[in-house]
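Chemist: Each chain is listed here by its residues.
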Amino acid sequence: MSMSNKPLVWLPFAAGGMLAALVLPACMLLVLLVGLGALPPETLAFERVRAFAANPLGGLGLFLVLTLLIWHAAHRFRMTVQDLGVRATGARRVVAWACYLAAALGTAVLLRALIVL
Amino acid sequence: MTERTIRLEVFRYRPEQDDEPVWQSYDVPCREEWVVLDALNHVKDHLDGTLSYRWSCHMAVCGSCGMRVNGDPMLACKAFLRDLPDRIRVEPLDHFPVERDLIVNQDRFLDSLSAAKIWLIPRKPAPEGEEYRQSPGELAAFRQYSMCINCLLCYSACPQVGLNSGYLGPAALALAHRYNEDSRDGGRLRRNETTASNEGVWECTFVGECSEVCPKHVDPAGAIQQMKLASSIDWLARPFRRKDPPS
Amino acid sequence: MKGSPYHPVMPANWWLSRPSYARYLLRELTCVFVGAYAGAWILGLNALAGGRAGWEGFLAMMMSGSGLLFQVVALISVLYHMVTWFELAPRSMRLRVGGRSVSPMTVIVGHYIVWAAVTVAVLWLGVM
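Protein chains in written order, with numbering that gives the first Met the number 0: chain A, 0 to 116; chain B, 0 to 246; chain C, 0 to 127.
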């Protein structure tokens, strides 16, 4: 046995989990209130959101939050699939790669979108 | 003294005669202050001398009588009949091979204790001719985790122990934490080789059931989470350490 | 086989055997909604980068009947994640201030205070 490299995925998981608890509910509430008509639709107008995402600080914030959230979800989902019955080492490796690949893909799409903006 | 008749449904396994485990029922006249262990002792003394189980202190300090009572991991000496229904199912701790009846093979746990180096690795030699002093604050840092009586209820409660045969398990990891947090100890990096491996803390997903069943309130789940953070910092610091100590 | 120890087998539906296990699984599955919501917004930002038409199409989808239902279910899921995450927080950190341990309740309340401040800030930023 030797020291595992799990911290590489666990630290983003922990950070993402904290963000999901602290920041995500507020953001979800904001969007939901717009959808329900409690807040004006201009809140999410194209120019407004574009300006926020194009702004270096806004873009950085979006990148950090969204990236950590999907990496949190990827790691947690991978562990849950193991809990639900995938026990063979080979199968577990496939699951792990699939989860982190999906997160990496999401990160790449996000980065490209923010660079364009 | 009011008596109550309890029906004990006990898991029996006698390797010399049974292919599979069987359930055997006993009707036991019980006193109201009894615990499950008293009922088992009555069975062994008066009804069926072949029933095999471990017990010793009868006061929840030795950790010998761990078993499942109606599915819940408990110390038989701490399972009061007044808190239980008239039908009580008694079976061995989960996730361990069963040697006989309620007796499980604990080798996996004992191997974990060695692997996690559950002993003091002194940071520096003890002072000559006087005690190795610790302040109350230094004691408080690890005292809770030293309360473990090795009863293995946490191993029975933890689904990861069942799902992953190589997992060191809650008690071994909590005890490693007990030494890592001891101001006299300098062995954390050496313990990391196993406690921070894939079979160590990283197998834990914080189900938390281990801490729920612990009769000594050790909170192994908390210990493991603290170790995850400490191991992560050690992992990040690897390139900056001159060399890791030999095992 | 006679003479050898009995090896218990963990059933595939082990998580149904205790309520606490089922609650654990529910807690872990909140990650599906966290991932789906964040993923949706990554696609949304991608649509934003593509221009007004793409963005308005994305909004229409998010604010449709099923989109709103997804948002509500996801929000409930994330709130369950939040409650369980904060509940476990004190166990992961043992803080000592001035020689005395910080009580678990203080740690939990501290998290909620930060959460409240962040929520106010985000909502204010959003409507400003």
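Hints listed in this document are in silico derivations from the structure and should not be mistaken for laboratory results.
It should be emphasised that the depicted structure is a prediction, and the values quoted were computed from it without experimental measurement.
Take the hints with a grain of salt, since some may be wrong.
Claimed, not checked - Listed next, the stretches of chain B that the computed footprint assigns to chain C, with coverage defined by at least 3 CB atoms under 8 Å from CB atoms of chain C:
#1 10-18
#2 91-101
#3 155-163
#4 212-223
By construction, the Cβ of each residue, glycine as well, lies at the ideal position given by its N, Cα and C atoms.
Chemist: Confirm or reject each hint.
Modeler: Cross-check of the supplied hints:
Counting residues of the stretch 10-18 of chain B whose C-beta sits closer than 8 Å to any C-beta of chain C gives 6, which meets the bar of three, so the coverage hint holds. For the stretch 91-101 of chain B, the stated coverage by chain C holds: 6 residues have a C-beta nearer than 8 Å to a C-beta of that chain, and at least 3 were required. For the stretch 155-163 of chain B, the stated coverage by chain C is satisfied: 3 residues place a CB nearer than 8 Å to a CB of that chain, which reaches the threshold of 3. Remark: the stretch 212-223 of chain B is confirmed as covered by chain C, as 3 of its residues place a Cβ nearer than 8 Å to a Cβ of that chain, reaching the required three.
The structure meets every hint from the earlier list without exception.
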